Amino acid sequence: MTDATGGEPIMTETAADPLTLLADNLQDKPALIDDRPDGTVLQWSFAELEANANRLARVFLNHGIEPGDRVLWCGHNSLWAVACGHAARKIGAVSVPLNYRLTPEEAAYVADNSDAKVGFIDAEYVELFETIRAEAPRMAHVLVFDGEPGRDMQALQPLLDAEASSAVQAAPAGAQAGTMIYTSGTTGKPKGAVRTGIGDPQQTLGLLEMIGYAADDVYIPTGPLYHSGPSGFLAISTNLGNTSIIQRSFDPEDWLRLVDKYKVTATFSAPTPIRRIIQLDESILKRYDRSSMRIMIANAAPWSYALKMSYLDWFPENSLFEVYGSTELGVNTVLRPEYQREKKGSCGQPAPGVEIQLFDEEGNTVDEPHKPGELFVRSASVFSTYHKAHDKFMEDRRDGWQTVGDIAYFDEDGFYYICDRKKDMIISGGVNIYPAEIEDALEHHADVMDVAVFGIPDEEWGEKVHASVVKRPGSSLDAAALTAFAREHLAGYKVPRSIEFIDEIPKTGTGKILKRVLRDPFWKDHQSKVV
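Position one of the sequence shown corresponds to residue 1 (this note's numbering), numbered consecutively onward.
Hints were generated in silico from the structure; no laboratory data involved. Just to be clear, a hint being listed does not mean it is correct.
To be verified - FRET-style restraints, in silico, Cβ to Cβ:
no. : residue 1 : residue 2 : range
1   : P137      : E282      : 52 to 58 Å
2   : C419      : S476      : 38 to 44 Å
3   : E209      : E130      : 46 to 52 Å
4   : K371      : A214      : 47 to 53 Å
5   : P521      : P137      : 45 to 51 Å
Claimed, not checked - Below, computed lysine-lysine pairings styled on DSSO-like, alpha-carbon distance capped at 27 Å:
no. : residue 1 : residue 2
6   : K388      : K464
7   : K29       : K343
8   : K344      : K261
9   : K343      : K371
10  : K117      : K392
11  : K343      : K524
12  : K464      : K308
13  : K388      : K423
Nothing here was measured: the structure is a model prediction, and the numbers come from that model. Note that CB positions come from ideal geometry on N, CA and C, so glycine has one too.
Given the sequences, and given the hints that come with them, work out the whole structure.
Rendered as C-alpha cells:
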C-alpha cells in the first residue's frame with residue numbers, strides 16, 4: 001500500500017472498485033442531485049462522486065481507519081452521506097449509520113457498541129456528538145461536513161483539500177464487513193446487523209430483472225438513508241448507473257416536485273410517506289406529473305390494501321411492487337404489479353435465489369396451504385451475524401435457515417401472507433420498534449410496578465405504541481406524566497401514543513407476559529395482526 005496522502009492508487013488486490021468502473025464509463029453523467037426547496041441544487045457526476053469518495057477514503061486512512069474498522073456516520077440525506085459508504089467500502093471499512101432520531105442515551109450506546117474509530121457527521125448533529133463523545137472512548141476522531149465543527153472535532157473540507165482524487169482500492173468486498181445497521185432486539189438493546197461481502201451477483205441480477213430496473217432509471221430514496229431499504233436500493237441504482245435524487249428530509253409536496261422535475265422512475269417507500277402524499281389536497285396532486293414512476297417498492301412495513309388502491313388511483317397501474325424482507329434477511333418475496341388487486345394481503349412469491357420454509361411450534365415443516373408457521377429463509381442475502389451478539393444470531397438460525405420471527409402462511413398458488421409476529425416488534429410508519437426497550441425505560445419510573453408494551457392499529461402509521469401499566473398502590477401517576485417521563489429517555493417515535501392503567505399484567509405460570517391477551521381486543525376487527 002502506498003502513502004495515503006500521495007496521488008498513486010492505493011492497492012492491496014487487483015479487483016477494481018465498482019464506483020471506479022462506473023466513473024470511468026459514465027464520467028459526467030449526474031450520479032447524485034440534492035435539490036432543496038429553497039432553490040439550492042448540489043450535483044455530483046459519477047466522476048465527481050468517485051473523486052470525492054477517494055479523497056474521503058484517504059482522509060479515513062489518515063485518521064487510522066484500517067480494513068474492518070468502523071466509521072459511524074450521522075446526518076440527513078446528503079451527498080456526503082452517500083460518499084461515506086463508498087469511501088468506507090474502498091478501504092475495506094464498515095459504514096455504520098446512526099439514526100439521528102435517537103436520544104443522546106441511545107445514540108451513545110450505538111456509538112460505543114459499534115467500536116467506531118471515526119465519527120462522520122452533518123454539522124446539524126455537532127451538539128449530539130459533543131454530548132455522547134465521552135461515552136464512546138474508541139471514537140478518536142469526529143469529522144464534520146456542511147458546517148462548523150464542535151469541540152475537539154475537525155472540519156472535513158480542509159482535510160479533503162489536502163488529498164488526491166485518484167483511485168483508492170483496498171481488499172475485495174468479500175474480505176471485510178461492508179455494512180452494519182443497528183436493529184433493536186427483544187433484549188431492549190440495539191444490535192448491529194453485520195453484512196459481509198457482496199452476496200450472490202446472480203441473485204441480485206435475478207431480482208433486478210424481475211422488477212425491471214434499467215440503466216436510465218432515475219431513483220429517489222423516499223426516507224432516511226440510515227434505513228436499510230432506501231439506502232440499499234440507492235446502492236443498487238448507483239451500481240446500475242442511475243441518477244439518484246437526494247431529498248434531505250421527506251416532505252410530501254416537495255417529493256412530488258422532485259418526481260415531476262426529474263421524471264423519477266423508481267423509489268422505495270414505507271407506507272407512511274405515501275399515505276401523506278395521497279392525503280394532500282387533490283389540487284396539489286394534480287399540479288405535478290407522476291406518470292414517470294414505474295417502480296414503487298412497497299416495504300419497511302406492510303401496505304394496507306386500501307393504501308395500495310389509493311396509490312394506484314394516482315400513479316401508474318403497473319408500477320407497484322411489494323417486497324417482504326428485513327435488514328437481516330434482505331428481500332425475500334416480491335408481489336408483482338399484476339397481482340396487487342388479486343392477491344389481497346399477500347407479500348408475494350419467493351424472490352430469485354431465496355428459499356422459504358415454514359416451521360410450526362414443534363419444529364415440523366409446514367407443507368399445506370393456509371396453515372401458519374414461523375417463516376425461515378435460506379439465501380445469500382441473509383446477513384452474517386450480530387456485532388458482539390453472535391449467540392443471538394444463532395438463536396434465530398436452524399440448519400442454515402434464518403428467521404426474524406414472522407408468522408406466515410401460503411396459499412394454493414404459492415403466495416405468502418404475513419399474519420402475525422412471533423416476536424413483539426412493532427412497525428410504525430416503516431420504523432421497527434421493540435417493546436422490551438420501551439418497557440425497560442418505563443419501569444425506571446418509581447411509580448411503575450409492571451408494564452407491557454405492544455402495537456395497536458393506527459390508520460396513519462399502521463401501528464402505534466401502546467403501554468399497559470400497573471401503578472404502585474396509591475400512586476397518582478397519570479398518562480401525561482408517564483409520557484413526559486418516556487420522552488426524557490426514548491426517541492420520540494418510541495414514546496407510547498396511548499397508555500392504559502390496569503390492575504394486573506396477565507402472565508404464564510413461568511412469569512412470561514401474555515401479550516396476546518392484552519393485544520387481541522385491539523385487533524379483533526382486523527383480519528391480520530400486521531396492518
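Item checked: Non-conforming hints, listed in increasing numerical order -> Hint check: 4, 6, 7, 8 fail, others pass.
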